[in-house]
Amino acid sequence: MHRDSERHKLFSRRAAMLAGGKALLLSTLVGRMYYLQVVESSRYKTLADENRINLRLLAPPRGRIVDRFGRAMADNQQNYRAVVIPEQAGDLSITLDLLSKIIPMGDKDWRRILREAKRKRAFVPITVRENLSWGDVARIEVNTPDLPGVLIDVGQSRNYIYGEEVAHVMGYVAAVSEKEISDDPLLELPGFRIGKAGIEKVYDMQLRGTGGSSQVEVNALGRVIRELARQEGQPGNEVRLTINLDLQRFVSKLLGKESASVVVVDVHSGDVLAMVSSPSFDPNMFNKGLDQAQWDALIHNKKSPLTNKAISGQYSPGSTFKMAVALAALEKGSITPETKIHCSGSTKLGNAEFHCWKRGGHGSVNMEEAIEQSCDVYFYETARRAGIDRISAMGERLGMGKSLDLGLPGEKHGLMPTRKWKMGELNEPWQMGETMIAGIGQGYVLTTPLQLAIMTARIANGGFQVFPRLVVNEDGEDASDNETELKSIGVAPEYLQIVKNGMNNVVNGKKGTARKARISEVGMEMAGKTGTVQVRRISKLERETGVLKNDELPWKERDHALFVGYGPVENPRFAVSVVVEHGGSGSGAAAPLARDILLEAQKLALSTPAPAPVSREANSKVMDKDGGEDVT
Amino acid sequence: MLHNNSFVQSQMSLGQKLLHMHWFFIILLCITATVGFAMLYSAAGGDLDPWASRQMVRFALGLLGMTVVAVTDIRLWLRFSYGVYFVVLALLIAVEIAGFVGMGAQRWISLGIFNVQPSELMKVAVVLALARYFHGGSIEEIERPTFLIPPLLMVAVPAFLILRQPDLGTTIMVVFASIGIFFAAGVRIWKFVLVGGVGLASAPVAWFYLLRDYQRARIMTFINPEQDTLGSGYHIIQSKIALGSGGVFGKGYLMGTQGHLNFLPEKQTDFIFTMLAEEFGLVGGLGLLALYILLLFYGFSISLSSRSHFGRLVGMGVTITFFLYIFINIAMVMGLIPVVGVPLPLVSYGGTAMLTILFGFGLLMCVHINRDLTIGRRDSGDDF
Chain A
0 MHRDSERHKL
10 FSRRAAMLAG
20 GKALLLSTLV
30 GRMYYLQVVE
40 SSRYKTLADE
50 NRINLRLLAP
60 PRGRIVDRFG
70 RAMADNQQNY
80 RAVVIPEQAG
90 DLSITLDLLS
100 KIIPMGDKDW
110 RRILREAKRK
120 RAFVPITVRE
130 NLSWGDVARI
140 EVNTPDLPGV
150 LIDVGQSRNY
160 IYGEEVAHVM
170 GYVAAVSEKE
180 ISDDPLLELP
190 GFRIGKAGIE
200 KVYDMQLRGT
210 GGSSQVEVNA
220 LGRVIRELAR
230 QEGQPGNEVR
240 LTINLDLQRF
250 VSKLLGKESA
260 SVVVVDVHSG
270 DVLAMVSSPS
280 FDPNMFNKGL
290 DQAQWDALIH
300 NKKSPLTNKA
310 ISGQYSPGST
320 FKMAVALAAL
330 EKGSITPETK
340 IHCSGSTKLG
350 NAEFHCWKRG
360 GHGSVNMEEA
370 IEQSCDVYFY
380 ETARRAGIDR
390 ISAMGERLGM
400 GKSLDLGLPG
410 EKHGLMPTRK
420 WKMGELNEPW
430 QMGETMIAGI
440 GQGYVLTTPL
450 QLAIMTARIA
460 NGGFQVFPRL
470 VVNEDGEDAS
480 DNETELKSIG
490 VAPEYLQIVK
500 NGMNNVVNGK
510 KGTARKARIS
520 EVGMEMAGKT
530 GTVQVRRISK
540 LERETGVLKN
550 DELPWKERDH
560 ALFVGYGPVE
570 NPRFAVSVVV
580 EHGGSGSGAA
590 APLARDILLE
600 AQKLALSTPA
610 PAPVSREANS
620 KVMDKDGGED
630 VT
Chain B
0 MLHNNSFVQS
10 QMSLGQKLLH
20 MHWFFIILLC
30 ITATVGFAML
40 YSAAGGDLDP
50 WASRQMVRFA
60 LGLLGMTVVA
70 VTDIRLWLRF
80 SYGVYFVVLA
90 LLIAVEIAGF
100 VGMGAQRWIS
110 LGIFNVQPSE
120 LMKVAVVLAL
130 ARYFHGGSIE
140 EIERPTFLIP
150 PLLMVAVPAF
160 LILRQPDLGT
170 TIMVVFASIG
180 IFFAAGVRIW
190 KFVLVGGVGL
200 ASAPVAWFYL
210 LRDYQRARIM
220 TFINPEQDTL
230 GSGYHIIQSK
240 IALGSGGVFG
250 KGYLMGTQGH
260 LNFLPEKQTD
270 FIFTMLAEEF
280 GLVGGLGLLA
290 LYILLLFYGF
300 SISLSSRSHF
310 GRLVGMGVTI
320 TFFLYIFINI
330 AMVMGLIPVV
340 GVPLPLVSYG
350 GTAMLTILFG
360 FGLLMCVHIN
370 RDLTIGRRDS
380 GDDF
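Line by line, the protein sequences are chains A and B.
With numbering that gives the first Met the number 0, the residue at position 337 of the first sequence is 336, and numbering never jumps.
With numbering that gives the first Met the number 0, the residue at position 2 of the second sequence is 1, and numbering never jumps.
Calculated directly from the structure, the hints in this document are not laboratory data.
One or more hints might be untrue.
[Stated by the list, open to error] Derived CB-CB ranges, DEER-like:
| id | chain 1 | residue 1 | chain 2 | residue 2 | range |
| --- | --- | --- | --- | --- | --- |
| 1 | A | LYS8 | B | VAL197 | 23 to 31 Å |
| 2 | B | VAL197 | A | THR45 | 41 to 49 Å |
| 3 | A | ILE93 | B | VAL86 | 46 to 54 Å |
| 4 | B | GLY198 | A | TRP109 | 51 to 59 Å |
| 5 | A | THR27 | B | MET254 | 27 to 35 Å |
| 6 | A | TYR34 | B | GLY198 | 26 to 34 Å |
| 7 | B | PRO144 | A | THR27 | 48 to 56 Å |
| 8 | B | THR145 | A | THR27 | 36 to 44 Å |
Backbone N, C-alpha and C fix where the C-beta goes; we use that ideal spot for every residue, glycine too.
Model the full structure from these sequences, guided by the hints.
Rendered as structure tokens:
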């Protein structure tokens, strides 16, 4: 056995070498383990956490927008979406085929769904259709057994309950554009909407709220295993407007498709009770996304439905400006209430002839009569005596020619021209003729419907400097300074009374231009002033052959019809301005609207809906106080 | 005296044989397998189903089989080594012809009740066959190059078949275990160097003609896993993350995030070590490694203490095979070598591997029981 022991020795030597080799290899394993689990461990721990933790953003519900009584005008609606989860759908195309019998799907949808199904993981739901109707939802639910993997998913989307009726004040939300992306991660959420116009835009930050987040554990496929932590976001704050929804809707219906605007304010607080610009648009369309045709229709509509004419429309005030002219002259003392001026139908300045709207003239009229009958010749003279600077200063004191800081985007300033202004802007000296034209509210003078309403309110409330207010703060005590400490505009009450008498006569007097539009309900009577604004130049030839009637003119050349008014005559509460673009005459087109609106406003005030607790206190406080102040 | 002993041993009763089994080794086996059960329980998210329970049954059956192999007369094994080898080789050829494709590779053959992977069995069969061959060769014969041609063929034929399946991991194991036996049998070292040199020179040929696309991809991925983080490189990266994030003490049993969230591929089979190291950290990994080292140590010592060359070679072959399982698997999940699909012995879920390993250990126990039996070089057991 010598040979075997030799073989054994060789084997043992070789075995020792093998063992050594193995030991060496095993020690590399130990070294590697040490390297991965000790040296590099922290790096891999980070990677492991990234692997499994996924941060998801939770969109906060957008704050509601409510009217002065807390009635929702914009809220969030459940948005029902049909989604399909491919891994549960079995044969996706068969399921879609069945589904398409319930909700019609175009080739485009079909292709998109199949494309998404290919790209996304099988458990990720794919949206088939958004904004399902109740009927669709019900039909899908009923057919659930035949539609494997098809689910109804509920999201939130902005809902403008009254659509067109409050569109301009409210504005709208729409998808975030790339330029608008800021630090707020919410903006990057798919489907997130931000305010793009109106209150939605101005109060976007308050309404938006702050996003929450949810940390979820996911597996390697991205499937959510469980939620690790959840941080609730802050829902957006509610914004309460001064709008009275009932009145707003009433006005909106009243205007219909007319190119017009109406502002109703509380004469004491300046609260904007209704602000309507027509024609309007449906803000819900912007939320859902407009197609090119819808957008073109809005943009190319000559009645500019997207513009809020109540604040962005600048109009010559026409005869509604005559109160300012009268007050300026009275204050200067260049005329007294009793001063009579003779109207023969026209007056001359040098070679230029200035016509009254009434060809035969009004004869001799004093101030109250001149306002009642809107005599132009009287106001040519009155303006000449007062001078343009005083007229414009009075206009500004009444709230015209300057921004009233309502707080909506697009508010225009209007214009109260002065000699200095003309020199500065046009580098030309002021002409006397221009003063006379300004005396009947034409020429350079420009105002917005909001300014006209405020002017009327300041006259009606006895000369207090109210400012328009659109938003009530959440705590209800926004009580802007103008309510607690209303400043006077510094016009003597007796002068105001003269003007108010004239305005009363416009509606209720025997020769009043708006006599047909008077309110017969006792205690609800209105006072006001008509205005008819020429938008074209009347040639001498036309004047000789007979001025064309509005009916005979193309729409764009017809006169603007204006009316400002307040009611009730005794202890006024509401002021209104009505501008009907190319409506014809103030008395014919605007005054009847104003009548309906003021009557409705007063009726609503009698039967006020149960107000939301917060604002009732605030409002009633204001009313009481102002009611007291009004007795001047 | 030696003959006397061998006489006594060959006459051992069944009870004596059982008594002579290496019981400490078997206890180590059971502990290691229990670690496996625990990890499979964890891999299933804290459930005996579907893996741990079945693995327990298999282990129990495997232990029984191991005992049967152990108490069988070693000369019977010597006598039938070629027989076993050729049966397995036949199965391997059968797979080539009739086997079905499982897990993307043609490896399995149905034996009616259960499916087996002949390539796994070949790991042990080739050890038996080589041990028998070298048992019969004198030192002088081993020096002759022509003497080495039959054993080379014994390795090359199954290796080629397995590579064709394709199963790179098993091929590597069969080849390297065989090299170990050649080495232990006393083949001159310069011959290994020569063959190694030729092998390296022919590597480009293998790369282009023998390896499949996915095998090439795996090797490329191994070289640079980051280039394809969601494709082939994904497994390695995720495995390293799991290991590394386990740290020294691990995330705690059943608390591994990588494994439970399915970031780990094949967590119950090839990547189970990663799971263990994630949940029990460096300490756990080294603990399991220590168990393996003890098993290897006893494997070596059993092999060395055998008085028959056949016993020594079988013991060495089994130990080397066991070592290769361990090394390739752990090195693979730690990103040291390409992912080749070798399970972690006794721990990974899988029936055939368990069968192979316990069959191998049965032979090892058989060697141990018959450690004092000498068998003549020309004695192939025909005349016992």
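Status of the hints after comparison with the structure:
| no. | hint | verdict |
| --- | --- | --- |
| 1 | LYS8(A) with VAL197(B): 23 to 31 Å | holds (30 Å) |
| 2 | VAL197(B) with THR45(A): 41 to 49 Å | holds (47 Å) |
| 3 | ILE93(A) with VAL86(B): 46 to 54 Å | holds (51 Å) |
| 4 | GLY198(B) with TRP109(A): 51 to 59 Å | holds (58 Å) |
| 5 | THR27(A) with MET254(B): 27 to 35 Å | holds (29 Å) |
| 6 | TYR34(A) with GLY198(B): 26 to 34 Å | holds (30 Å) |
| 7 | PRO144(B) with THR27(A): 48 to 56 Å | violated (33 Å) |
| 8 | THR145(B) with THR27(A): 36 to 44 Å | holds (37 Å) |
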